[in-house]
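There are 2 protein chains.
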Amino acid sequence: MEVNRLKLSAISFLLIAAIGFGQQKVPFQNGIPVAPQGLAGHKLPNLPITYDTAEGQKIRVAAVTRSLEYPFCLAFLPDGSMLVTERAGRLRIIRNGVLDPKPVAGTPASFWSGDSGLPGAVHGYMDVALHPRFAENGFIYLVYNKAVDEKKHVVSLARGHWDGHGLTDVRDIYTLDQAGTSRMAFARDGTIFMATTGMDPQDPNTLGGKILRLNDDGTIPKDNPFVGQPGHKPEVYALGIRSSLGLAMHPGTGEMWENENGPNGGDEINILKPGKNYGWPLVSYGRSYPGPWQVSPPGHGGFEPPVVIWVPAIAVSGMAFYTGDKLPKWKGDVFVGSLRTGEIPGTGHLERILFNEKMEELRRESLLTDFRQRIRDVRQGPDGLLYLLTDEKEGAVLRIEPAQ
Amino acid sequence: MEVNRLKLSAISFLLIAAIGFGQQKVPFQNGIPVAPQGLAGHKLPNLPITYDTAEGQKIRVAAVTRSLEYPFCLAFLPDGSMLVTERAGRLRIIRNGVLDPKPVAGTPASFWSGDSGLPGAVHGYMDVALHPRFAENGFIYLVYNKAVDEKKHVVSLARGHWDGHGLTDVRDIYTLDQAGTSRMAFARDGTIFMATTGMDPQDPNTLGGKILRLNDDGTIPKDNPFVGQPGHKPEVYALGIRSSLGLAMHPGTGEMWENENGPNGGDEINILKPGKNYGWPLVSYGRSYPGPWQVSPPGHGGFEPPVVIWVPAIAVSGMAFYTGDKLPKWKGDVFVGSLRTGEIPGTGHLERILFNEKMEELRRESLLTDFRQRIRDVRQGPDGLLYLLTDEKEGAVLRIEPAQ
Numbered sequence: 007m008e009v010n011r012l013k014l015s016a017i018s019f020l021l022i023a024a025i026g027f028g029q030q031k032v033p034f035q036n037g038i039p040v041a042p043q044g045l046a047g048h049k050l051p052n053l054p055i056t057y058d059t060a061e062g063q064k065i066r067v068a069a070v071t072r073s074l075e076y077p078f079c080l081a082f083l084p085d086g087s088m089l090v091t092e093r094a095g096r097l098r099i100i101r102n103g104v105l106d107p108k109p110v111a112g113t114p115a116s117f118w119s120g121d122s123g124l125p126g127a128v129h130g131y132m133d134v135a136l137h138p139r140f141a142e143n144g145f146i147y148l149v150y151n152k153a154v155d156e157k158k159h160v161v162s163l164a165r166g167h168w169d170g171h172g173l174t175d176v177r178d179i180y181t182l183d184q185a186g187t188s189r190m191a192f193a194r195d196g197t198i199f200m201a202t203t204g205m206d207p208q209d210p211n212t213l214g215g216k217i218l219r220l221n222d223d224g225t226i227p228k229d230n231p232f233v234g235q236p237g238h239k240p241e242v243y244a245l246g247i248r249s250s251l252g253l254a255m256h257p258g259t260g261e262m263w264e265n266e267n268g269p270n271g272g273d274e275i276n277i278l279k280p281g282k283n284y285g286w287p288l289v290s291y292g293r294s295y296p297g298p299w300q301v302s303p304p305g306h307g308g309f310e311p312p313v314v315i316w317v318p319a320i321a322v323s324g325m326a327f328y329t330g331d332k333l334p335k336w337k338g339d340v341f342v343g344s345l346r347t348g349e350i351p352g353t354g355h356l357e358r359i360l361f362n363e364k365m366e367e368l369r370r371e372s373l374l375t376d377f378r379q380r381i382r383d384v385r386q387g388p389d390g391l392l393y394l395l396t397d398e399k400e401g402a403v404l405r406i407e408p409a410q
Numbered sequence: 007m008e009v010n011r012l013k014l015s016a017i018s019f020l021l022i023a024a025i026g027f028g029q030q031k032v033p034f035q036n037g038i039p040v041a042p043q044g045l046a047g048h049k050l051p052n053l054p055i056t057y058d059t060a061e062g063q064k065i066r067v068a069a070v071t072r073s074l075e076y077p078f079c080l081a082f083l084p085d086g087s088m089l090v091t092e093r094a095g096r097l098r099i100i101r102n103g104v105l106d107p108k109p110v111a112g113t114p115a116s117f118w119s120g121d122s123g124l125p126g127a128v129h130g131y132m133d134v135a136l137h138p139r140f141a142e143n144g145f146i147y148l149v150y151n152k153a154v155d156e157k158k159h160v161v162s163l164a165r166g167h168w169d170g171h172g173l174t175d176v177r178d179i180y181t182l183d184q185a186g187t188s189r190m191a192f193a194r195d196g197t198i199f200m201a202t203t204g205m206d207p208q209d210p211n212t213l214g215g216k217i218l219r220l221n222d223d224g225t226i227p228k229d230n231p232f233v234g235q236p237g238h239k240p241e242v243y244a245l246g247i248r249s250s251l252g253l254a255m256h257p258g259t260g261e262m263w264e265n266e267n268g269p270n271g272g273d274e275i276n277i278l279k280p281g282k283n284y285g286w287p288l289v290s291y292g293r294s295y296p297g298p299w300q301v302s303p304p305g306h307g308g309f310e311p312p313v314v315i316w317v318p319a320i321a322v323s324g325m326a327f328y329t330g331d332k333l334p335k336w337k338g339d340v341f342v343g344s345l346r347t348g349e350i351p352g353t354g355h356l357e358r359i360l361f362n363e364k365m366e367e368l369r370r371e372s373l374l375t376d377f378r379q380r381i382r383d384v385r386q387g388p389d390g391l392l393y394l395l396t397d398e399k400e401g402a403v404l405r406i407e408p409a410q
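Note that the protein sequences, when read in sequence, are chains A and B.
My numbering puts the first sequence at residues 7 to 410.
My numbering puts the second sequence at residues 7 to 410.
Read the hints as simulated data drawn from the structure, not as lab findings.
Keep in mind that a hint or two might mislead.
Each pair may be met inside one copy or between any two copies, as identical chains are not told apart.
As the list claims (entries may be wrong) - Below, in silico cross-link-like pairs of lysine-lysine (PhoX-like), each with a Cα-Cα straight-line distance of 20 angstroms or less:
hint: 1; residue 1: 364; residue 2: 108
hint: 2; residue 1: 332; residue 2: 64
hint: 3; residue 1: 364; residue 2: 49
hint: 4; residue 1: 31; residue 2: 335
hint: 5; residue 1: 64; residue 2: 364
hint: 6; residue 1: 282; residue 2: 152
hint: 7; residue 1: 31; residue 2: 337
hint: 8; residue 1: 364; residue 2: 31
hint: 9; residue 1: 332; residue 2: 282
hint: 10; residue 1: 64; residue 2: 337
hint: 11; residue 1: 399; residue 2: 108
hint: 12; residue 1: 282; residue 2: 31
Using the sequences provided together with the hints, build the complete structure.
Here is the structure:
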């Protein structure tokens, strides 16, 4: 009988299974498991490439330029020229699709800790934005880290005047007491939202891990939620923020949407409301890096819940609402850059999120995963197309346009 | 001055932005948004293909066969032959890498609702498993849906005897009062765990949405947690399960791990404990299909928390612990089949999850995403390699082996 013939090999198989369970050893550094590097550092493929997407939106992806170094933020001048910050502390300009080899003149000196990519790395330049009434006043805003002395660096918001070729009259209009990463965006009322990283996100008397709200001259709006409250910084608009790399105003409601990076899992999109607490580090959907949940069970009880969560983390970055007509299947969708796809360092993609009319998520889609590029920013151009920045040493501006 | 020249185009851009925010209309069917089909139905590429993976484990993926129709579950005979169930209600055998063109004889008649893939579809055959002492008793178990009459189908657990070529003496040893999907797995003590779908997962007096525990002859173990409790089915081991497609015994602790599909987000891996409630539909990390969170804020308060969560959903399916030596960088990791990658129907991948020694997640990796194949099952072979089933009309057995 067949069963008897099989007995010996079956027993040896069971013996092997009974020996025990070897869990792979993972090296740690400063309490964080050392990330594998096997798949980092992919070259952007030759472009354009055409893709089908889930919604039936056929797209073609083209490169505007491939000659940027770790670009961080993209802003459009009204004529379609692009201003791009580079982490090393340069402002670049692309006119008629051609990158000017020389950085824009007149910009402030910055401090950059280099391209290590390690947590805590200090970027030189971060965001650049035009004043909502740029056509009238020509104001351009820049968020950057500057050296106070040899030991101390701080985040500063500078404002300058665009003279058609470079910045003039640049001055710091608001400066934090700490270094870190910061995004900024103009709200509909002309105020500036800044998202900060840093210590003590639950302490309303510090500026780390907060959403700040400023006037367009760097002063503090009188209607900020904590103005006049002892023990509260008046520029604080919201608390409990972990590490935000995306701010975008909802084009319908005017509310400011913010995304932020969880620890090991638990990336979020939040809708910012005055004086609210978004819970970090008391609540999270992620695990701490050594393994235990940040809070068990993972949740958001007692704090403002997010509208979108990611577990595992995709390392969310720049964010935009698509309102154009050129990519009609994507109209109304939210796009978020990812610096990490499938938890693999050195990869990334573009995330598309489809909402219902109440802005509750229906589904999402990972785009351009095969590029294995970190996507740092996503913006809609005045031409109704989508533009991306790849956060790479040979960084690119990518354009997504409709294909047949 | 440049600013003046730009004024007209800037104003027209602002006007466009001010018109309002058009949210894309999404069609619904039975309260569920109609999924896009633009990317479904991809052909498996020519194999073998070699990949680098994040952990530095180089792998080669080969096809053992491509001639299965919607295979569901894979089990190894001690000599390395493979038994594979097909959803249409066939048991197939692969000997020495060759698929027998004829189904295994002696298996029971089943009911299959066809290959619509719609929610609520009834599979013919689901799981197949060998008795832990198969070498002695030759018992093979089969989970399937059978027709009671023209209107009613129920899940049944059958046991038969392997005679080297087919099954003999097959009989139903346990039958549910409902149709649905079910996984089964043997625990270390020789009892059988079955995960059921269906209504009323919170009602301990019904069999839907539960984990059941049975003796190897289909009777109910006397030490089940609810034995003797009025209003409780004695075969119920745990409650509050949504839709489980994966059961695997932890090779170190002997605990049974279960994965289950959330609604729109909120897939989970749970560790099953006697009498515990895993919370569906009262708690979840997912949204309901029309958009609102299943519970707001999403969480698991008051119920057993999962050890792994996915948001968005990846449509988790078969699950295995890898304990072999052939793929040393993966030793101790958990592998889960995905029927949906990036929320795109008709795609899928293999998910690898790396834990610390306390079995807390450190990170995960999405593998074989470029295949765009639904992965229904993953098993370790007696040769220490990993084997996958693709849930496709032209379904395959894939083998993952080390590459140089």
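These are the hints, each one checked on the structure:
1. In this assembly of identical chains, the alpha carbons of residue 364 and residue 108 never lie at most 20 angstroms apart, being 46 angstroms within a copy and 54 angstroms across copies at closest.
2. Proximity of residue 332 to residue 64 under the C-alpha cut-off of 20 angstroms is restricted to the intra-copy arrangement: shortest distance 11 angstroms within a copy versus 42 angstroms between copies.
3. In this assembly of identical chains, residue 364 and residue 49 lie within 20 angstroms of each other by CA distance neither inside one copy nor across copies; the values are 40 angstroms within and 37 angstroms between.
4. Taking CA atoms no more than 20 angstroms apart as the test, residue 31 paired with residue 335 passes between copies only; the shortest distance there is 9 angstroms, against 46 angstroms inside one copy.
5. Proximity of residue 64 and residue 364 under a CA criterion of 20 angstroms is satisfied in neither setting, with 27 angstroms inside one chain copy and 46 angstroms between copies.
6. Within a single copy, residue 282 and residue 152 get their C-alpha atoms no closer than 30 angstroms, and across copies no closer than 55 angstroms, so neither meets the 20 angstroms cut-off.
7. When the C-alpha separation of residue 31 and residue 337 is checked against a cutoff of 20 angstroms, the pair qualifies only between copies, where the shortest distance is 9 angstroms, while the shortest distance within a copy is 47 angstroms.
8. Only between protomers do residue 364 and residue 31 lie at most 20 angstroms apart by alpha-carbon distance; the minimum there is 12 angstroms, versus 46 angstroms within a single protomer.
9. Taking the closest pair of Cα atoms, residue 332 and residue 282 never come within 20 angstroms of each other, the shortest separation being 37 angstroms inside a single copy and 52 angstroms across copies.
10. Taking the shortest alpha-carbon separations for residue 64 and residue 337, only the intra-copy value of 14 angstroms comes in at or below 20 angstroms, while the best inter-copy value is 41 angstroms.
11. In this homomeric assembly, residue 399 and residue 108 come within 20 angstroms of each other (Cα to Cα) only inside a single copy, at 17 angstroms, whereas the closest approach across copies is 57 angstroms.
12. Proximity of residue 282 to residue 31 under the C-alpha cut-off of 20 angstroms is found in neither arrangement, the shortest distances being 41 angstroms within a copy and 31 angstroms between copies.
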